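Dock chains S and V against chain C, hints included.
Residue strings, one per chain:
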Amino acid sequence: MTTLTKTEDAPAPTGPESFLSVRDLRVQFSTEDGIVKAVDGLSFDVERGKTLGIVGESGSGKSVTNLTILGLHNPRSTTIDGEIVLDGKELVTATEKELEKLRGNKMAMIFQDPLTALSPYYTVGRQLSEPYMKHTGASKKEAKDRAIQMLEKVGIPQPKVRFDDYPHQFSGGMRQRAMIAMALMCDPDLLIADEPTTALDVTVQAQILDLLKDLQQEFGSAIIFITHDLGVISNMADDLLVMYAGRAVERGSVKEVLRTPKHPYTWGLLSSMPRLDGDIHAELTPIPGTPPSLLNPPSGCPFHPRCAFTDKVSGSLCTNVRPPLGEGRASACHLTAEQKQTIFIDEIQPRLR
Amino acid sequence: MSDNLTLPAQQAATGTGSETLLEVKGLTKHFPIYGGFPIKRKVGAVQAVDGVDLTVGVGESVGLVGESGCGKSTTGRLVTRLLEPTSGQITYAGRDITHASRRQLAPVRSEIQMIFQDPYSSLNPRQTVGTIIKSPMEVNGINPEGGREKKVRELLELVGLNPEHYNRFPHEFSGGQRQRIGVARALALNPKLIVADEPVSALDVSIQAQVVNLLQKVQDELGIAFLFIAHDLAVVRHFSQRVAVMYLGKVVEVGDRDSIYNRPRHPYTHALLSAVPEVAMDDETEERERIRLSGDVPSPIHPPSGCRFRTRCWKAQDKCATEEPPLVQISGNRDGHLTACHFPEEPTTEARDEDVVLDPALKALEKAQDKH
Amino acid sequence: MLQFIIRRTVGAIVTLFLIGAATFFLFVAAPSDYASLACGRDCSPARLEDIREALGLNLPIAQQFWDFMSGIVTGRDFPDGHCAAPCLGQSFYSGDMVFDTIMDRFPLTLSLTAGAMIVFLTVGIGAGMISAYRRGSAIDKAATGASMVLSSMQIYFLGPIVLLIFVYSTGWVEDPKYVPFTEDPFGWLAGLWIPMAVMATIFTAQYTRMARASLIEQLAEEHVRTARAKGMPKKYVFFRYAWRGSLIPIVTVLGIDLSALLGGGVVTEITFSLQGIGRLAVQGATTKDLPLTMGVMLFGAFFILLLNILVDIVYAWIDPRVRLS
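Respectively, the protein sequence lines represent chains C, S and V.
Residue 132 in this note's numbering sits at position 132 of the first sequence, and the numbers go up by one each step.
Residue 55 in this note's numbering sits at position 55 of the second sequence, and the numbers go up by one each step.
Residue 91 in this note's numbering sits at position 91 of the third sequence, and the numbers go up by one each step.
In isolation and in its complexed conformation, chain C is listed as follows (with noise of 0.2 Å):
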């Protein structure tokens, strides 16, 4: 384990020469029991050929941020706010006709599950067709061969037959290999890869993560790679979000927030997580309680209940005081930077052995 001797000096992406940006992204579904705040003052920026990853578990906002920037959520129970700035074109406002030009394009998605992701009803070939015919007017011929180019690339055997098969001819590997494919059918400059790997089996997710970090260096093509395994994202991304009820809690280098994290739920998430080369007779610290329920989330910070270490902070800060997250390397916490040296090194490095 490094020792934190580094100042935080790390560059941060910054606003303009970044290619994607997300500024004070808010997206609330209105639904029977209330007001659903899923992502809550949202802000990030991704690089050019780089891979931002995105952590958190269940119910942080993480996927819906990734909806929200394909614009895939539904209009009539669903208020936007903020900016998603996509090299230059702002993605909020855009209109539907804009956004279909981009999506599939510009920027593409691969789902989690390949089995439910990709139709039934018609065959892998023509799936992977239609997008690049729509976007790029190539006539049904030159979308085929490309299609079997990237159905090849990306490992299908057979491309030339496979590419007559429907969905569930193909194994679950297979599939989500396909769905890469499509992705890159017309050579998006971002891919969204949300939980890409959850739904598959460890070797075969291994071969699948590996064949998209190769791609992304052929292709060029930023990605978001959304994820609750940190060990995964410690193979695939440059930089790391993490997210907490909607919010993002810390923000850094992949390196930088794994080796010397600063928010306490990411301590929590990292000392929860048992390793292939820990101590086995270490007792794993879970985070204690559960995620908060978004319609009604925590006042202060969104952590304060299931934290440990809120009686450092003086008055009641962590109860009314929403922590800003600042730029750069940052995390939203009232703990100073002191205190959170001192925790990291003196109480969560000891448990991550």
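Hints in this document: simulated from the structure, not taken from any laboratory.
Don't take every hint at face value.
Claimed, not checked - Residues of chain C clear of chain V, computed beta-carbon distances all greater than 12 Å:
1) S58
2) K255
3) R275
4) D277
5) D279
6) P297
7) V321
8) A337
9) T342
Unchecked claim - In silico BS3-like cross-links for lysine-lysine, where the CA-CA straight-line distance does not exceed 25 Å:
10) C:K141 to C:K160
11) C:K97 to V:K234
12) S:K363 to C:K160
13) V:K235 to C:K144
14) V:K177 to C:K89
15) S:K367 to C:K160
16) C:K50 to S:K367
17) C:K213 to S:K363
18) C:K141 to C:K106
What the hints assert, rightly or not - Stretch-level coverage of chain S by chain C, calculated; a stretch enters the list once three of its residues show a Cβ under 8 Å from a Cβ in chain C:
19) 212–225
20) 349–363
Note that the structure is predicted; figures quoted are calculated from it, not measured.
The C-beta atom is built at its ideal place from N, Cα and C for all residues, glycine as well.
Only chains S and V this time, still in chain C's reference frame:
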């Protein structure tokens, strides 16, 4: 390699050296497939479990790992006799329960309990928590001292729930709390063996640890033996003293925790371990080996001949297709560490000089990138 | 697929035979028989015996059953004439050949069913689609409300009201009657449009609700979202991705509805004083007319089984997972 094995296939040792509680020999479960024309008949079988040998000692925790379709869950259901074995033998506390009838099983049923993966569907939504936990006692006619209700409250307290919540319904609890209810129900009959089938995989990361800790506490304090079935290798390692690795219905390697995780011999164990994504805590940790298999697990309807892993194995030779490797202690293994492989790997997980990459797409992409 | 159709056809024939057997033996087991009913109050044993012999009721029961069932395939000879295959026997009551009687009545039943179906399928599914596409809009709310009210109506309630308004009080329309389509298509429509419209209204409401619910479910499917995520236009996704899957429950219910309608709707026929298959069934049962009852029963069962097979074929056409497994 396989001729310098030193021990015969069967071993009674449970690793901890304690008394054997559960012994499984040649356990097999084939699910028939019907089809054909004009009259439907049996046309094949899903060979879900095909000759599994396993022992669990008193108070011991044995992990069962493997990927989907390897038969680990079916094995769990066979052991608890929720499924009828096709063949093989299950011995519990010296008693053969392989084909025991309901009545013969009655005294054993209470001693073997099960915890399920899905805390949402394994609890009856129309019953209160109290009723759910109490019903195993009622069914088995057990009257604990001080009454059943008192026992239920004690159990709720033990699993970290508020005993006041006796009259609440499952939907009023979160996923992690529901799994605690499942644990309390399993404990109601003072079992000696708990078969836990993926008990934490449906839970969020922060909640997983709560349940793992609870199970560990239960195991330590009550001395209950566990058959812990999971696909998460890190969780299994944390929880189990001994681990069996399954692939396509067979145990390919079994041994104490250290042997399996640090000195694995079977190529599949190597591949499995190397595939686990781990948080890189620093740059100094030894590089782990990188093995990337090709394709998915073959269908258990037509498993490969000989060694079932041979179709995805980088060391496979002709012998692997013709001869099924026995599960034995090959030379260099510690006692109780058995491996079913003709051409075992070196007992280390350190990085190799050259990565094993079998996936054709990865190979092609990485070759192209090396050129640049 | 061919194998599948053959297997299902064989199965259907066996089922028909079993239904025939069940009907026959239940009927025979019932405590009254047609002969004593026909013989009347002052019945002499000799006369009863004559009637029994004329109707073939003196033969062993197994023999009677076999004669009936084999007649369907080979035809039968009766004292007063030949009954060509498929022969469903001769009515005890009227002496007519049952198959001919059914064929006389069937055009009306078929007309009502077909007429109503064309309306309720097009209007019902169409309205359901518009509702689902514009979910939450005023059109959706109106369609949902109207279909909710109408689908809870019954023919015997709505029918008389319509008759009262259009026929009895205003006299705008004549009493419903059947004119063969082949003779006079306009007369056919003029005679039957009221019952067709009433039936169609109720079914349309049901199909609107079903199509809407099914489409909304499909629109929430992940593969539909994927299609949107790759930039396919909303309409395209709606018609190509969501619509196809939404047909499966509709086809299922349609198969059940059609087989019921073709087997004859007593309530509709009585409401509009029409002579269809449904009335024939009632007549057969009330007059203890064994051949008529058997005939109508098997005729209805034939449609149920036929539509079952057709529905499965349509499933295979819609869903490649069915086709290729």
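Index of numbered hints that the structure contradicts, given in increasing order: 14
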